[in-house]
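Peer 1: Read off the chains here:
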Amino acid sequence: MPAVRLGLSLLTVSLVLSLLSPVADGRLRDAVHAESRTLTLVLEQDPPQLDSTRSTDAVSIRVLGHVKEGLTRYDERNQLTGGVAERWEVREDGATFWLREDARWSDGEPVTAHDFVYAWRRVQDPATTSEYAFIMYGIENAEAVNTGERPPSELGVRAASDHVLEVSFERPIPFFARLTAFAVFLPVREDFAAPRGDRYASSAADMLYNGPFVISRWSRGARLTLDRNPHYWEGDAIWLNRIDFGYITADTRAELNLFRDGKVAMANLDSETMHNALQQRWRIHRFDDGVLFYVGFNHRPDRLTRNRNLRRAFDLTFDPHEFVNRIIATPGNRPGVSLFPAWMQGAEGRLREEVPPRPSEVDLERARHYLELAREELGLERFPPIVLLTGDSPTANKQAEYLQSMWGQTLGLDIRVDVQIFRQRLAKMTAGDYDLVLAGWGPDYNDPLTFGDLFASWNLNNRGRYASDELDHWVRRAQDELDPHQRVQAFGEIQRIVHDDVVIIPTYERARLYVMHPRLRGVVRRQISPDPDFNRAWIE
Amino acid sequence: MWRYTLRRLIQGVITVWFIATATFAAMHMVPGDPLGSERATTESIRQSLEARYGLDQPVFPDQYLIFLGNMARGDFGISFTQQNRSVNDIILEAFPVSAQLGVLAVLFAALGGVLLGALTALNRNRLPDVIIMFLVILGISIPSFVFAALGQLAVVRLNDWSGQSLLPVAGWGTFQHMLLPALVLGLGTMAFLTRLMRSSMLEVVNTDYVRTARAKGVPPLRVFWRHQLRNAVLPVITVLGPAIAAITTGGFVVELVFAIPGLGRTFVEAVQQLDYTLIMGTTVFYGAFLVLMVILVDLLYGWVDPRVRLGS
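Heads up: the protein sequence lines correspond to chains H and U, in order. Numbering-wise, the first sequence is residues 42 to 581 according to the numbering used here. Numbering-wise, the second sequence is residues 13 to 324 according to the numbering used here.
These are computed hints drawn from the structure, not numbers from a lab. Treat the hints with caution; some may be incorrect.
Okay, the calculated bits of chain H under chain U, using three or more residues with CB under 8 Å as the criterion [as the list claims (entries may be wrong)]:
hint : stretch
1    : 82-96
2    : 171-179
3    : 239-245
4    : 251-262
The structure displayed is predicted, hence computed values, not measured ones. From the three backbone atoms N, C-alpha and C, an ideal C-beta is built for every residue, glycine too.
Using the sequences and the hints given, assemble the complete structure.
Peer 2: Right, dumping it as structure tokens:
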């Protein structure tokens, strides 16, 4: 069989040759390359939705944060600053934004107020099915447009001129300027997006950009390359020429191996890969990613957990310090003590310094006393099994097992752990098919209200259906009040009620750990997306 | 021959229909909400979303019939998770990647398996046999994600040690990117084929026609090629079809670890995300692919071994 032999030798030769020839992606295009001003990174998934009016996930919003710019944005010190808007004025009944005249789309056309009007109407148009539409509620007619009662043209936003945007409110939105930094408020140009229909933002060519970068290449699932946008109005402030998301994988081990091989400039660490990073003696960075985790209760009328004394018994046996240090046991997480995370801003400084939360306490005597009260109030001989719903990650499992054994020992309760994948856990939470749940909440915008209204009776994300007139009252105050100090007081009251009524048991505030190339500078980490932000990064 | 082919094709279509129906039923029985997202949606948005994906109609018969009709036209609809892409586009882009990787992996597996298997049989119970069979047991029992992680680590060390990028750690685009993942992917099959080849070769070694050939003074290498290998390789070809399908479809972990934009990864992610349209699209596609491979191998088998052709 000479043909086989020939084939074999050819194959061998080609394999050997391919091993000897320099790899196309060799060291020239390393993680950070100062001469070409290129940065290479991992993206944990292909962005699912780059149509900014419909994006909901962190990866899409991160990419959008580099290729588009809204009215406002957050700067390197996480302070609100002008984006397309040069200045603005937020009043009780509305807001005005004056747009800079040198803001340009990537095809050279000016960014105008009409592009915002079109985008916001598009968000509220029920045909768009934008899941974040609710975040604009408060703008005049937003909810009515979104539910189809009024046409999109009646949304309370209009272009007074090409460069003046007028917004009218149904109710005051004191933090509106901060809100406009969020992805759904990004501009979309009608003459570009409308003809493309569902194809809009599905490929690099079907998108128009007005941010510091443009998507120059997007091979779905494989690579996403961002190149400097020559039309960006503040091009001088941008140092990098290219941000290359050269690898798309959610595997943290692969990410760390790529980092170790000098292929990517940054790698997120989890509890496993953290040990490898420690062994390598790399500098490990940490930051609060903004997410609060908690044990949620089902407050529906037919549930035992509706009983406040039972909830107090749970609360008085839970020690967040032990939980963070001994159970989660990766460094950097903060014990949960409040509905509002530590990084949240108040009127002047940190919210939690302006209205300090009550420290959590552990008191077995009182816990057992409340448990006994609950048993009598509920008219029970003994407690039936209580279902603890949780996700399927190793961390979530570890936490659930700890709570199961801890409450078994201290309160003598039979806790049944119900492990579900993400979407099934959500479905069960929404249906109310649980007693306790391990859940988390991350901020949408930089105002305490993003946590503060979570347990308002009308909030659809209040999946435990907690309802209290007192809490609702203070949430409305925080929504309508313009004076920052008055608002902080309202948040203080919300914090107190959530604690006293044991609406939830805060467990921890998550920290993210990562390693980064030592020559990479100017990367901004923040709790509000886009995070991480490489727009103004540079290589030393 | 044509009638045989036609009959097998019709059987194949029925099999694919059965796979599609069973998957459809199983998928809708799994608890969970494909439209659920962390941020709760208002009722009106929810309804528009359901209408967009046709979830507002009863699962059976309406949704099922619509699905069958679309499937017959080769249209699997829009993905739930990659909201502005059609499932067809996703498969068309991801499958060639998996296929390239799969072909190379099968090549590794088949060549390695046949050669190693023959080697062990000819050296039965001697040192090469013992060593290779020990490695084969490791290859069969250790799952591919362990090899993937170890292989990647080895490449990191190698590059570190040599100070050059000898092999890429992960990624996709050049031939070098394919080598390690293909090897890892093919390893299990290679081990399996080695064992199969060994036993099949052992049978052939002691047959009369081999003895006759030797007695006639045929050179040993020619005996090996013409008389032993060609006859022993038949069972290997039989399992090659399903093996090709298994390799091209089984690359989920390998694709994830090496950041390869293939279909295996798409498929598993679709299941985790309850992406109804993408689950159906990838399952039917994989099912059809597997069925086609089995048919092809049967036909190929008839070509290699005339007895099969005459028998039918």
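Peer 1: Okay, which hints does this one fail, numbers in order?
Peer 2: Failing hints: none at all.
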